[in-house]
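Trainee: Given the coordinates of chain A, assemble chain B onto it according to the supplied hints.
Residue-level listing of the chains:
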Amino acid sequence: MLELRLVQGSLLKKVLEAIRELVTDANFDCSGTGFSLQAMDSSHVALVALLLRAEGFEHYRCDRNLSMGMNLNNMAKMLRCAGNDDIITIKADDGSDTVTFMFESPKQDKIADFEMKLMDIDSEHLGIPDSEYQAIVRMPSAEFMRICKDLSSIGDTVVISVTKEGVKFSTSGEIGSANIVCRQNQTIDKPEEATIIEMQEPVSLTFALRYMNSFTKASSLSEQVTISLSSELPVVVEYKIAEMGYIRFYLAPKIEEDEEMKA
Amino acid sequence: MAGGAVDQSLLDLLPQIHALFSDPLRVISYKWLSRNFSISSNDAKRLLQEFVNKHGTNLQVIYSVSGWLKNNPQNYCIKLISGTKLEEGRQGFKDSCSVQIYSIQACIPKDTAVLWNPEFVQAEELFNQPFDDENCLRDNRFCGVLNSSVKRTSNGKHVSSLPPKPLNSAAVVAQSKPSVTPKEQFVTAQQQDLPVSSKQGAGNKSEKDNSTVLDKAGSAPVVKEQSIDAHASKSKAQNGKAMPSNGGSLANMWGRASAKPKPPSTTNSTAVASVAATADAQICAKEEADGDSSDDEQGVKYKRGSTNANNKKRRAVFDFSDDEEDDNIISIASPELPKQHTPDPVIGTAEDAEVNQKNLENNDDVPNNEKGSSMGMDSDFTAECKIKTVNTMNHSGITLKEKSSDPPINDKKQDSAAEPASTSPKRRKVLKTRIDERGREVTEVVWEGEASADDKAEKNVNTTAATASGATLPSKPKPAANTDKSKAPSKAAAGNKKPAKAGTKQGSIMSFFKKV
Chain A
1 MLELRLVQGS LLKKVLEAIR ELVTDANFDC SGTGFSLQAM DSSHVALVAL
51 LLRAEGFEHY RCDRNLSMGM NLNNMAKMLR CAGNDDIITI KADDGSDTVT
101 FMFESPKQDK IADFEMKLMD IDSEHLGIPD SEYQAIVRMP SAEFMRICKD
151 LSSIGDTVVI SVTKEGVKFS TSGEIGSANI VCRQNQTIDK PEEATIIEMQ
201 EPVSLTFALR YMNSFTKASS LSEQVTISLS SELPVVVEYK IAEMGYIRFY
251 LAPKIEEDEE MKA
Chain B
1 MAGGAVDQSL LDLLPQIHAL FSDPLRVISY KWLSRNFSIS SNDAKRLLQE
51 FVNKHGTNLQ VIYSVSGWLK NNPQNYCIKL ISGTKLEEGR QGFKDSCSVQ
101 IYSIQACIPK DTAVLWNPEF VQAEELFNQP FDDENCLRDN RFCGVLNSSV
151 KRTSNGKHVS SLPPKPLNSA AVVAQSKPSV TPKEQFVTAQ QQDLPVSSKQ
201 GAGNKSEKDN STVLDKAGSA PVVKEQSIDA HASKSKAQNG KAMPSNGGSL
251 ANMWGRASAK PKPPSTTNST AVASVAATAD AQICAKEEAD GDSSDDEQGV
301 KYKRGSTNAN NKKRRAVFDF SDDEEDDNII SIASPELPKQ HTPDPVIGTA
351 EDAEVNQKNL ENNDDVPNNE KGSSMGMDSD FTAECKIKTV NTMNHSGITL
401 KEKSSDPPIN DKKQDSAAEP ASTSPKRRKV LKTRIDERGR EVTEVVWEGE
451 ASADDKAEKN VNTTAATASG ATLPSKPKPA ANTDKSKAPS KAAAGNKKPA
501 KAGTKQGSIM SFFKKV
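Residue numbers (UniProt numbering), protein chains in the order written: chain A, 1 to 263; chain B, 1 to 516.
Hints should not be assumed to be uniformly reliable.
Computed spacing ranges between beta-carbons, pair by pair [claimed, not checked]:
no. : chain 1 : residue 1 : chain 2 : residue 2 : range
1   : B       : 129       : A       : 256       : 54 to 64 Å
2   : A       : 257       : B       : 74        : 47 to 57 Å
3   : B       : 516       : A       : 256       : 53 to 63 Å
4   : B       : 516       : A       : 81        : 32 to 42 Å
5   : A       : 150       : B       : 511       : 55 to 65 Å
6   : B       : 106       : A       : 175       : 47 to 57 Å
No more than 30 Å apart at the CA atoms, straight line, and that leaves these computed lysine-lysine pairs for DSS-like [to be verified]:
no. : chain 1 : residue 1 : chain 2 : residue 2
7   : B       : 514       : A       : 254
8   : A       : 164       : A       : 77
9   : A       : 217       : B       : 514
No lab work stands behind these hints, which were simulated from the structure alone.
Nothing here was measured: the structure is a model prediction, and the numbers come from that model.
The C-beta atom is built at its ideal place from N, Cα and C for all residues, glycine as well.
Next comes chain A alone, as it looks inside the complex (with noise of 0.2 Å):
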């Protein structure tokens, strides 16, 4: 028996709409500590790991652990009939082959239920180890989100370089090159728009501006996204959840191809 109650059902709302992009098939993971979700984009250069804790709640009963496997897309068809105030609950039996979403909304006055149907999923998950990280620049998210759409209108892979300055974003293409540098900006009275470099060492890297993008659609999760970097490491763009928990993406980077291919 699986019963999630989540007040602020837009957050579900806008997770979803965040990952559907990168990810058609996922299975939902419940655990009595949470509700998480790890899936990889189908080209395997993304993954984007989802938790929503169990305390986010505001109840939260998971007998069992439980792998749903969704269609993300179809998932968030029947979000998109929760309205933004509504309380979205799910709810499953240990066996069955649906999940349920409840609409609530906030006068009680109208409940929607939604059954989808569930689907077998195999999904590789991947252990990730926590590391650390040579640079994790925090900026705020609309910054960034509009910093990779504009990049993307010049050019495919955008590198992304640390150094004590700041953070420079910078991309070319045929019609011709960009560069934004972020700097350091700690704005005492507004915490959501400073920007905050911890550097150990400078970091540059290259990524596909087309995934940046998709990890963007999360934005309005969170006012403020964290962008850990290190050299031979996959970057990880994290957006907090609230207070219960986050959407982290990673991204591999584009490794630069030996003499042979510029020859």
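Mentor: Here is chain B on its own, set in the frame of chain A:
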């Protein structure tokens, strides 16, 4: 042939020639001489012959030998052969071959472009003269091949071109006929223009180059005439009257390729003219080839902006090629600069191993020069010119066309059989087309160390270009001409794209995280 009786008035020019010759870098070709002193090309050849007879000791002579090859009797061949190899070269021909002086110079230039560059610059100057100025190019008075249907415009108006001279028909016939006749001289002279390019290398490698030249030469005569016409059209364009519509957006977008086709489209005569321009275009291409083509595009853009306003298509092309240097750009506008550029490369090249280059040039360069170089040059007008040439040839009904079209390959093969230059590991010029970071297709002529690989590359480029050209340049009638242009070929671009973009490889997340 050249050694006929010379008028005393012509002999009076000998001191001037001597003075000109004192410039060690100067190549004095009969054509240049003809235009410079407004004498007929036959007279110019005789003059050169006289000069050689008098001062022949310390100068190098390049002869144009034309006739039917022994090993390929179906192709009328015109080769440029250096004086030292003249006898050797003549043996490849059947009994009656015509030997005429093509040019004299202090030394055989390593870069064959030097041979015709002065002529090109000269032609530019002549066509840049005010419209009302009559000069030898504008009135076509020395052109051996004339087409009555070709009309010449002056002052933006179409004027019936010079009355077709009997020579035209004769020249055409002559080409078709195996026997070399005096009339052919005109044809040969014209043909020589093309061969010259191939022959630059030919000076050293006379035989092979010659054969290749021959094929080209067949086409070349037509080209020359056309080029003249083209010049006329160019002048029109400069006036701003010529086909502004053509000069519009398409031309800009396609750059060189589009720009050229337009002039031909205006009128038949213009088309002919454009064809004629090929020789010049080739020269330009060569010059450009020496420079970086990648820069060209930028320059082209800028120039176009300016050129568009004026509707000067030709200039735009030049700009592209020269754009690397500001000076070059300027030079394009003003014909004089090209001269300066050309001599320098020649000197530098001359120092290089001549023999090796000769071989390379013969095999590779010849094709490159005519097709590849012009194409590679990015000069739109060359491509157009070529296309136009083909068309013009049809219009004029010149028989040469068939020969010219087929011969290049055959000749090459024959020549190569004699001298396997392509396989030899020598430096050669190679046409390379690639996509630069900006996604533009860039064709460059590069000296390659390894012959075989480069040759392959060249072939591929050419073939791809040829195939692609049809698709890319639908407006242009003939793919072959397009082939010359490196830009046009979409296929080549596609092929190149991959390597260009291959700089980075997308890693997989699986290589960082292991399955649980």
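Trainee: State the violated hints by number, sorted upward, taking the hints as numbered earlier in the document.
Mentor: Hint check: 3, 5, 8 fail, others pass.
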